[in-house]
Each structure stands twice: as structure tokens, then as C-alpha cells.
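Required output: the full structure, derived from the provided sequences and hints.
Just so you know, the protein sequences line up as chains A and B, in that order.
Note that the numbering used here has the first sequence beginning at 466, numbered continuously upward.
Note that the numbering used here has the second sequence beginning at 6, numbered continuously upward.
Heads up, some of the hints might be wrong.
[As the list claims (entries may be wrong)] Here are the simulated DSSO-like cross-link-like pairs (lysine-lysine), alpha carbons at most 27 Å apart as the crow flies:
| no. | chain 1 | residue 1 | chain 2 | residue 2 |
| --- | --- | --- | --- | --- |
| 1 | B | 115 | B | 92 |
| 2 | A | 552 | B | 115 |
| 3 | A | 559 | B | 115 |
| 4 | B | 36 | B | 22 |
| 5 | A | 486 | A | 552 |
| 6 | A | 486 | A | 559 |
| 7 | A | 552 | B | 92 |
| 8 | A | 532 | B | 115 |
| 9 | A | 486 | A | 532 |
| 10 | A | 559 | A | 589 |
| 11 | A | 532 | A | 552 |
| 12 | B | 92 | B | 36 |
| 13 | A | 559 | B | 92 |
| 14 | B | 92 | B | 22 |
| 15 | A | 559 | A | 532 |
[Stated by the list, open to error] Pairwise CB distance ranges (calculated):
| no. | chain 1 | residue 1 | chain 2 | residue 2 | range |
| --- | --- | --- | --- | --- | --- |
| 16 | B | 67 | A | 579 | 24 to 34 Å |
| 17 | B | 160 | A | 498 | 45 to 55 Å |
| 18 | B | 23 | A | 486 | 53 to 63 Å |
| 19 | A | 516 | B | 133 | 20 to 30 Å |
| 20 | A | 558 | B | 174 | 44 to 54 Å |
[To be verified] Just so you have them, the derived chain A footprint on chain B, three or more residues with Cβ under 8 Å:
| no. | stretch |
| --- | --- |
| 21 | 58-70 |
| 22 | 73-85 |
Read the hints as simulated data drawn from the structure, not as lab findings.
For each residue, glycine too, the CB sits at the ideal point set by N, CA and C.
Spelled out from the first residue to the last, the chains are:
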Amino acid sequence: MRLLILGCGRVGATLANIMIKDGHEVTVIDLNSEAFERLGSNFGGVTVVGDGTDEDVLMRAGIEDAKAFAAVTNGDNRNILAAQIAKHIFGVQKVICRIYDPIRQETYNALGLESISPTVVGAKLIKTALIDDAPRTKSAVQSIAEGRAVPHATVPEKPLTTPEATEEKH
Amino acid sequence: MYIVIGGGGQVGYYLAKGLIEQGHEVVLLEKDSRRVERLAEELSNSIVRGDACEARTLAEVGTSRANLVIAVTGDDEDNLVICQVAKARFHVATTIARVNNPRNEGLFRKLGIDVIVSPTQSILHMIEAQLPHHTLVPLMTLTNAGLGLVELTVPPTSPAAGKTVRSMTLPNSVNLALIVRGDTNLTPTGDTVILPEDHIFALVTAEGELSLRERLLNESAAR
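Structure, rendered in C-alpha cells:
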């Protein structure tokens, strides 16, 4: 599958490497070329420097042939704009958008834009880790601390970030 | 009318001031507290510190009873979110957004923003209209009517030069509104003769623009 990832922060870079390992074709877009250092020196995908809310940049990154698009920059609104361009202008089949602000995420889910709020997912995971005393070989807290995948969700980048603190653009 | 404006830059500030003078109830939302302090002297209660993209902020200023929400920040993504949240969560009847990147105009329209204002595009057209050898310049778009106001200068080589308006057999999608010839303004009739260097203002549909180009500029396709 051909996948476009917008934003090469920790989530974008980790996602890119996981998808490459699974045999997908990956292109990562970021405004800042230094961000691609997070991908590691052996990255097997393509990197594009540019503004991912600009149609020309998206075309340069091959959005017209992409089967999936993930918007994971640090800016909620940037992700929302880029994801809607991917969905409504280029007709990408699978579009996922990261939105920190839970209320905004709810609004856009209702509008039909598939989105994930790391704030909500992270808080729920931590809550489970804190109060779930069911016996298990390793506690959820340990799994999170070790950066392991937890069932039903991946370990979020900034679990308890408040919506206000996330307005900065990447 | 109750109007909520997002973004207290120059555009937001002068817009709020003008609307207040016209007697409207206005709230201007601005994120930056120093900017809010500065504008408060002039706008007093009509300026509120807060992020217009946040549903909570919009709820605090009573957006559900707003007749109109206008988003004029410098960032297209913020303007889009302000309008979409206003519509989806607060059922605001009319939203107006400023787009800075003209490429976003189509997307905003598709996503249901009611009125889209593109300053970049307008400035480009205004400059273009001042260039000596311009031919056809779109001056204004009347989105709801599906019409555009265009200006064109008749070149000496125009197939219409020296002919009457009637003999050009323009379709209904072209409405010649005004001819500016030197210092005089003419309201065109069927008998008006088109001369080189005439400035013609016309209301056209997209289709009409093509026939106008064809009949007056001898262009068969769009630029």
C-alpha cells in the first residue's frame, strides 16, 4: 500500500518505520528537513520537504496514487486542513487525522473525518494502568514505560497534553 | 445582528469597529493577550481573549445565538476550523472565511463555508487591472448568483472593434454593464459601436466569460 504521512515528529517517524517494516511504500512530508533525522539512517521510504497543506506539495509527494494518508503534525488545525484536502480534493480512500483537542476530535468524527485524539486515548490508558489491579505477569504501567504496544492502542506521544499547549505549529 | 469574529489582526479589528458603528452586536476573539489589551481601549467589551477554534470559547461568547461567524486570522487552517466548528456545533446560519492561499478556496466551498474571501486573489486581480497590456481581468465573484464581474480592454486587433454590440450576437450569459471610453461612461445598447481601447465591464457566467473572450479577444480557450 502507498501511504503518505504528514509530520515527521515522533509519531510520524515511528509510524513510517512500522509501515516500511510491514512492506508498505511510505512517503513522509515535513516543513523542516532536520525532522527526517528521526527516521534513522536506513529509512527505506521517501522524504519530501514542504507545507503539507499545499496541494502542489502533496502532488509532489504523490498523493494522487496514495491509498492512505495520516496527518500527524503537532497542529490540530493543520492536520484537519491537510486531511480534508486529502479526502475531498484528492479522494484518498483512507484518511486519518490526529487531533489533540477532544472536543474538536468529536466534532470532526461527527463530520465524517476519521480522527484520533491522543489526549483521550492516553488518559484512558493511564487510567487503566492506575486502577486495573487484575493479576497479570507485567503491569500496564510497565508496558507503557517500556514503550510496548498496549492492546487496542499504541503508546501515545504526549498522553496528557492539554489542548491549549498543543496549538504551536510544528 | 449578533456577529462573532475570530482573529484580532488588522482585518478583524477594522471589521469589528465598522460593524459596531453600523449598530451590530459584535464579539472579537483574539488569542494574544497583549493584542487584546491594546484593542480593549478602542473596543472595550467587544473584545474577548480566547481561541476561536475552541468550542469552549465559542460557547462562552454565546455563539449559538450568533447570526454570523467571520474568521479572519492569518492562517487558513484556523479559519476553516472556526467556521466548521461554528456550523457543526453551534448551527450558525452563515459563516464567512478569509483564505490566504487561493488554492484553498475550492476546498472551503466544498466543506460548506458560505462566503469565501480571498485577499491574495483580489490584490493580484487589482494589480493585474492596472498593468498596461491587460486583457480580461476578473474583478469580483458573486458566488450565489454564479456570476463574475470582469473588466476587459478591447485590443486594436479585436474581431469586435468597429462593430455594434448587436452584431456580436452575445449569448445571455454575457451582460455588458458599462463601457468606459476615455473620460466618458456609456451604457451599452445594441447600437453601441465597440472601439479599440474601450474598457468594458461585464457580468458573466463561467461559460459567458469564454464567449466574451472568443468574440472580443479572439481567444478560443481560457488563459
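We went through each hint and held it up to the structure:
A C-alpha spacing of about 14 Å is found between residue 115 of chain B and residue 92 of chain B, which places the hinted pair at or below 27 Å, so the restraint holds. Taken as a hint, the residue 552 of chain A and residue 115 of chain B pair is honoured in the structure, with Cα atoms around 11 Å apart against an allowance of 27 Å. Of the supplied pair hints, the one linking residue 559 of chain A and residue 115 of chain B holds, its CA atoms being roughly 19 Å apart against a limit of 27 Å. With a CA separation close to 18 Å, the supplied pair residue 36 of chain B and residue 22 of chain B stays within the 27 Å bound.
Simply put, residue 486 of chain A and residue 552 of chain A have alpha-carbon atoms about 26 Å apart, close enough for the 27 Å limit, and the pair holds. Distance restraint check for residue 486 of chain A and residue 559 of chain A: the Cα-Cα separation of roughly 20 Å lies within the 27 Å cut-off, and the hinted pair is therefore satisfied. For the hint pairing residue 552 of chain A with residue 92 of chain B, the CA-to-CA distance comes to about 20 Å; that is within 27 Å, so the pair holds. For the suggested pair residue 532 of chain A and residue 115 of chain B, the alpha carbons sit about 22 Å apart, so the restraint of at most 27 Å is met.
A hinted pair counts as satisfied when its Cα atoms are at most 27 Å apart, and residue 486 of chain A with residue 532 of chain A qualifies at roughly 17 Å. The suggested pairing of residue 559 of chain A with residue 589 of chain A holds, with an alpha-carbon distance near 25 Å, which does not exceed 27 Å. Straight-line distance between C-alpha atoms of residue 532 of chain A and residue 552 of chain A comes to about 11 Å, which keeps the hinted pair within the 27 Å bound. Of the pairs offered as hints, the one joining residue 92 of chain B and residue 36 of chain B holds, with about 21 Å between alpha carbons and a cut-off of 27 Å not exceeded.
Of the pairs offered as hints, the one joining residue 559 of chain A and residue 92 of chain B holds, with about 25 Å between alpha carbons and a cut-off of 27 Å not exceeded. Proximity of residue 92 of chain B to residue 22 of chain B is assessed by CA-CA distance (about 24 Å); at most 27 Å being required, the pair is judged to hold. Between the alpha carbons of residue 559 of chain A and residue 532 of chain A the distance comes to roughly 6 Å, so the proposed pair stays at or under 27 Å and holds. With their beta carbons about 31 Å apart, residue 67 of chain B and residue 579 of chain A fall inside the hinted range of 24 to 34 Å.
Hint check: residue 160 of chain B to residue 498 of chain A, Cβ distance near 47 Å, so the stated range 45 to 55 Å holds. Taken as a hint, the range 53 to 63 Å holds for the pair residue 23 of chain B and residue 486 of chain A, whose Cβ atoms sit roughly 58 Å apart. Look at residue 516 of chain A against residue 133 of chain B: about 25 Å separates their beta carbons, and that is inside 20 to 30 Å. For residue 558 of chain A and residue 174 of chain B, the Cβ-Cβ distance of about 48 Å falls inside the hinted range of 44 to 54 Å, so the restraint holds.
Given as covered by chain A, the stretch 58-70 of chain B passes the check, having 4 residues with a CB less than 8 Å from a CB of that chain where 3 are the minimum. Coverage of the stretch 73-85 of chain B by chain A holds [criterion: at least 3 residues with CB-CB distance below 8 Å; count 5].
Violated hints are absent here; each numbered hint is respected by the structure.
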